[in-house]
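The listed protein sequences derive, respectively, from chains A and B.
When we follow the working numbering, the leftmost residue of the first sequence carries the number 1428, and every step to the right adds one.
When we follow the working numbering, the leftmost residue of the second sequence carries the number 5, and every step to the right adds one.
Calculated from the structure, these hints are not laboratory results.
Incorrect hints may appear among the rest.
Here are a few chain A residues that sit away from chain B, every Cβ distance over 12 Å (derived from the structure) [as the list claims (entries may be wrong)]:
1. Pro1475
2. Ala1553
3. Glu1632
4. Ser1696
With a straight-line cut-off of 27 Å between C-alpha atoms, the simulated DSS-like cross-links for lysine-lysine are [said to hold, decoys possible]:
5. B:Lys155 to B:Lys113
6. B:Lys141 to A:Lys1431
7. B:Lys147 to A:Lys1620
8. A:Lys1666 to A:Lys1612
9. B:Lys147 to A:Lys1612
10. B:Lys36 to B:Lys72
11. A:Lys1586 to A:Lys1672
12. A:Lys1586 to B:Lys39
13. B:Lys147 to B:Lys60
14. B:Lys118 to A:Lys1620
15. A:Lys1586 to B:Lys147
16. B:Lys113 to A:Lys1586
17. B:Lys147 to B:Lys99
18. B:Lys135 to B:Lys155
19. B:Lys141 to A:Lys1620
20. B:Lys155 to B:Lys39
21. B:Lys147 to A:Lys1512
22. B:Lys141 to B:Lys99
23. A:Lys1441 to A:Lys1569
24. B:Lys147 to B:Lys118
25. A:Lys1431 to B:Lys147
26. B:Lys39 to B:Lys141
27. B:Lys39 to B:Lys72
28. A:Lys1507 to B:Lys118
29. B:Lys141 to A:Lys1441
30. B:Lys141 to A:Lys1612
31. A:Lys1512 to B:Lys113
32. B:Lys155 to A:Lys1512
33. A:Lys1612 to A:Lys1586
34. B:Lys118 to A:Lys1586
35. A:Lys1664 to A:Lys1586
36. A:Lys1586 to A:Lys1441
37. A:Lys1453 to A:Lys1729
38. A:Lys1441 to A:Lys1729
39. A:Lys1441 to B:Lys147
40. B:Lys118 to A:Lys1431
If you're wondering where the values come from, they're calculated on a predicted model, not measured in any experiment.
All residues carry an ideal CB built from backbone N, CA and C; glycine is no exception.
Single-letter residue listing:
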Amino acid sequence: MKGKSLVSITDYSKEEILEIVRLSEKFENNPVSDLLKGRVVATLFFEPSTRTRLSFESAVNYMGGKVIGFTDSSSSSVQKGETLKDTIITVSNYCDLIVMRHPLEGTARYASEVSAVPVINAGDGANQHPTQTLLDLYSIHKTQGTLENLNIFMVGDLKYGRTVHSLLMAMTHFNPVFHFISHEKLRIPEEYKIFLRQNNIPFFEYSDFADRLAEADILYMTRVQRERFSDPIEYEKTKDTYVLKSEMLVNVKDNFKILHPLPRVNEVSIDVDDHPSAYYFPQTKNGVFARQAIIAKILGLKIDF
Amino acid sequence: MNKDRTKLQVSAIESGTVIDHIPANQLFKVIKILKLDAIQNQITFGTNLYSQRQGKKAIIKISDVFFKEEELNKIALIAPTAKINVIRNYEVAEKSVVEVPDLIVGIVKCVNPKCITNHEQIVTRFTVIDKQRVELKCHYCEKITDQEHLKIS
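Bound-form chain A, shown alone:
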């Protein structure tokens, strides 16, 4: 469907998710095109980001479009006290599509209601980051050949990690089994467990890795932020429990892959980078194709490859 904003992963049905996966594959085979020739995409980053902004801008450039925007709110009229509403209405008169990130939650939904052009949410505080989820799904599909019936392990900050929550919601369409590994303070919130039970999705919770990875298809690692712990000693004690090291990968399956939304701090040891299961850098490349697919879908571009 043309012209529909993408604010939350729940805006997309199972069929729409699969459509993005198929389109991403097409763009991976044909990354350079002139599908966006004569089009302008605005990237409005009210807080800094490297990966998300650059991969969007890369996606637009490879498709022959132009990018306008700002990389933090200090270089915009927000500094003069302009409201978000006025900024969005104004910018929506200058472009065909808005990609935005904002530290406050709900901004992208609000922007999509006042904007004359579609809005893609590139992160609104701790709330949603649907394009990350779609590139995660493309990465899973690409490495596993399917999204159905997979054993998904999630490790790290399962309480606050928005990428974890969105991926969990999206994967629920595909009959997975979830395994959650985290410190007791960073466990998956009750509302998501209720959601999984309602959808008859089995899940298991552990407090350490032990020798559990042998049955895993996907390991989704996330960063544990120091500021989540009120007691710094507790952070120091626990941070090493959730670090992935290469010696833990001896019994893994051939199709097993390690994903990470990045940035990484120390939770994936550097010696894992050369392991055939390490997939977090190819994953970032998939981000460009997935974002090309999302842009194409939202703008209703005609793809003849």
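With chain A held as given, fit chain B onto it using these hints.
Only chain B this time, still in chain A's reference frame:
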């Protein structure tokens, strides 16, 4: 006559709406939600009245005003026990209870301090995900506001 006077704690109205069994501590919120402070009609109210069922209750009687059902349902969030009597010619013509609506526009403030609705002038919107426990999901930030943290904006 004396007996009648002691019995009726807030005097009767000839025609209009009576909102009874409001929890006493919610009276002023009900007044705010229904914007009773802005109407010119005669209003009488009593609070901290004895109620067998709820201990202390409040009652409001508004002369010659008849509300739409959806207007009155707005108070269900804070006064789910409220009973509505429509009065005509000193008699109760209709009785009803209030029901929590599916969608709440305005009225409630989102509990999330990082929600955009708490930073810009935006009319809040919530879908009611649990009517019994009164749990509201913000249309914008998608966080849940529960009854305990419910604030009227």
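A quick look at each hint next to the structure:
1. Pro1475 (chain A), annotated as away from the interface, keeps every beta carbon of chain B farther than 12 Å; the closest lies near 17 Å.
2. Not every C-beta of chain B lies more than 12 Å from that of Ala1553 (chain A), the closest at about 7 Å, which undercuts listing it as non-interface.
3. With a least beta-carbon separation of about 22 Å from chain B, Glu1632 (chain A) lies farther than 12 Å from that chain, consistent with its non-interface assignment.
4. Every C-beta of chain B lies more than 12 Å from that of Ser1696 (chain A), the closest at about 33 Å, which supports listing it as non-interface.
5. For the hint linking Lys155 (chain B) to Lys113 (chain B), the alpha-carbon distance of about 5 Å falls within 27 Å, and the restraint holds.
6. About 22 Å separates the Cα atoms of Lys141 (chain B) and Lys1431 (chain A), which keeps this hinted pair within 27 Å; it holds.
7. A distance of roughly 16 Å separates the Cα atoms of Lys147 (chain B) and Lys1620 (chain A); the hinted pair therefore holds under the 27 Å criterion.
8. Restraint check for Lys1666 (chain A) and Lys1612 (chain A): the C-alpha separation of about 12 Å stays at or below 27 Å, so the hint holds.
9. A hinted pair counts as satisfied when its Cα atoms are at most 27 Å apart, and Lys147 (chain B) with Lys1612 (chain A) qualifies at roughly 20 Å.
10. The straight-line distance between the Cα atoms of Lys36 (chain B) and Lys72 (chain B) is roughly 16 Å, inside the 27 Å bound, and the hint therefore holds.
11. For the given pair, Lys1586 (chain A) sits about 23 Å from Lys1672 (chain A) by alpha-carbon distance, which is consistent with the 27 Å threshold.
12. Of the pairs offered as hints, the one joining Lys1586 (chain A) and Lys39 (chain B) is violated, with about 41 Å between alpha carbons and a cut-off of 27 Å exceeded.
13. Taking the CA atoms of Lys147 (chain B) and Lys60 (chain B), the gap is near 33 Å; set against the 27 Å cutoff, the hint is violated.
14. Using a Cα cut-off of 27 Å, the hinted pair Lys118 (chain B) and Lys1620 (chain A) holds, with the two alpha carbons roughly 24 Å apart.
15. The suggested pairing of Lys1586 (chain A) with Lys147 (chain B) holds, with an alpha-carbon distance near 14 Å, which does not exceed 27 Å.
16. Our distance criterion of 27 Å between C-alpha atoms is met by Lys113 (chain B) and Lys1586 (chain A), whose separation comes to about 24 Å.
17. The hinted pair formed by Lys147 (chain B) and Lys99 (chain B) fails the criterion: a straight-line CA distance of about 36 Å is larger than 27 Å.
18. For the hint linking Lys135 (chain B) to Lys155 (chain B), the alpha-carbon distance of about 17 Å falls within 27 Å, and the restraint holds.
19. Restraint check: the Cα-Cα separation between Lys141 (chain B) and Lys1620 (chain A) comes to about 17 Å, which is no more than 27 Å; the hinted pair holds.
20. Restraint check for Lys155 (chain B) and Lys39 (chain B): satisfied, since their Cα atoms lie roughly 16 Å apart, inside the 27 Å limit.
21. For the hint pairing Lys147 (chain B) with Lys1512 (chain A), the CA-to-CA distance comes to about 21 Å; that is within 27 Å, so the pair holds.
22. Restraint check for Lys141 (chain B) and Lys99 (chain B): the C-alpha separation of about 31 Å exceeds 27 Å, so the hint is violated.
23. Between the alpha carbons of Lys1441 (chain A) and Lys1569 (chain A) the distance comes to roughly 17 Å, so the proposed pair stays at or under 27 Å and holds.
24. Restraint check for Lys147 (chain B) and Lys118 (chain B): satisfied, since their Cα atoms lie roughly 10 Å apart, inside the 27 Å limit.
25. With a C-alpha separation of about 23 Å, the suggested pair Lys1431 (chain A) and Lys147 (chain B) falls inside the 27 Å cut-off, and the hint holds.
26. Under the criterion of a C-alpha separation no larger than 27 Å, the hint pairing Lys39 (chain B) with Lys141 (chain B) is consistent with the structure, at around 24 Å.
27. Our distance criterion of 27 Å between C-alpha atoms is met by Lys39 (chain B) and Lys72 (chain B), whose separation comes to about 13 Å.
28. Restraint check for Lys1507 (chain A) and Lys118 (chain B): the C-alpha separation of about 21 Å stays at or below 27 Å, so the hint holds.
29. Distance restraint check for Lys141 (chain B) and Lys1441 (chain A): the Cα-Cα separation of roughly 23 Å lies within the 27 Å cut-off, and the hinted pair is therefore satisfied.
30. Restraint check for Lys141 (chain B) and Lys1612 (chain A): satisfied, since their Cα atoms lie roughly 24 Å apart, inside the 27 Å limit.
31. At roughly 19 Å between alpha-carbon atoms, Lys1512 (chain A) and Lys113 (chain B) fall within 27 Å of each other, so this suggested pair holds.
32. Taking the CA atoms of Lys155 (chain B) and Lys1512 (chain A), the gap is about 24 Å. The hint holds against a cut of 27 Å.
33. Restraint check: the Cα-Cα separation between Lys1612 (chain A) and Lys1586 (chain A) comes to about 8 Å, which is no more than 27 Å; the hinted pair holds.
34. With a C-alpha separation of about 17 Å, the suggested pairing of Lys118 (chain B) with Lys1586 (chain A) holds against the 27 Å cut-off.
35. Pair hint Lys1664 (chain A) plus Lys1586 (chain A) holds up; C-alpha atoms about 18 Å apart against a cutoff of 27 Å.
36. At most 27 Å may separate the alpha-carbon atoms for a hinted pair to count; Lys1586 (chain A) and Lys1441 (chain A) meet this at roughly 25 Å.
37. The straight-line distance between the Cα atoms of Lys1453 (chain A) and Lys1729 (chain A) is roughly 12 Å, inside the 27 Å bound, and the hint therefore holds.
38. Of the supplied pair hints, the one linking Lys1441 (chain A) and Lys1729 (chain A) holds, its CA atoms being roughly 22 Å apart against a limit of 27 Å.
39. Distance restraint check for Lys1441 (chain A) and Lys147 (chain B): the Cα-Cα separation of roughly 23 Å lies within the 27 Å cut-off, and the hinted pair is therefore satisfied.
40. Proximity of Lys118 (chain B) to Lys1431 (chain A) is assessed by CA-CA distance (about 25 Å); at most 27 Å being required, the pair is judged to hold.
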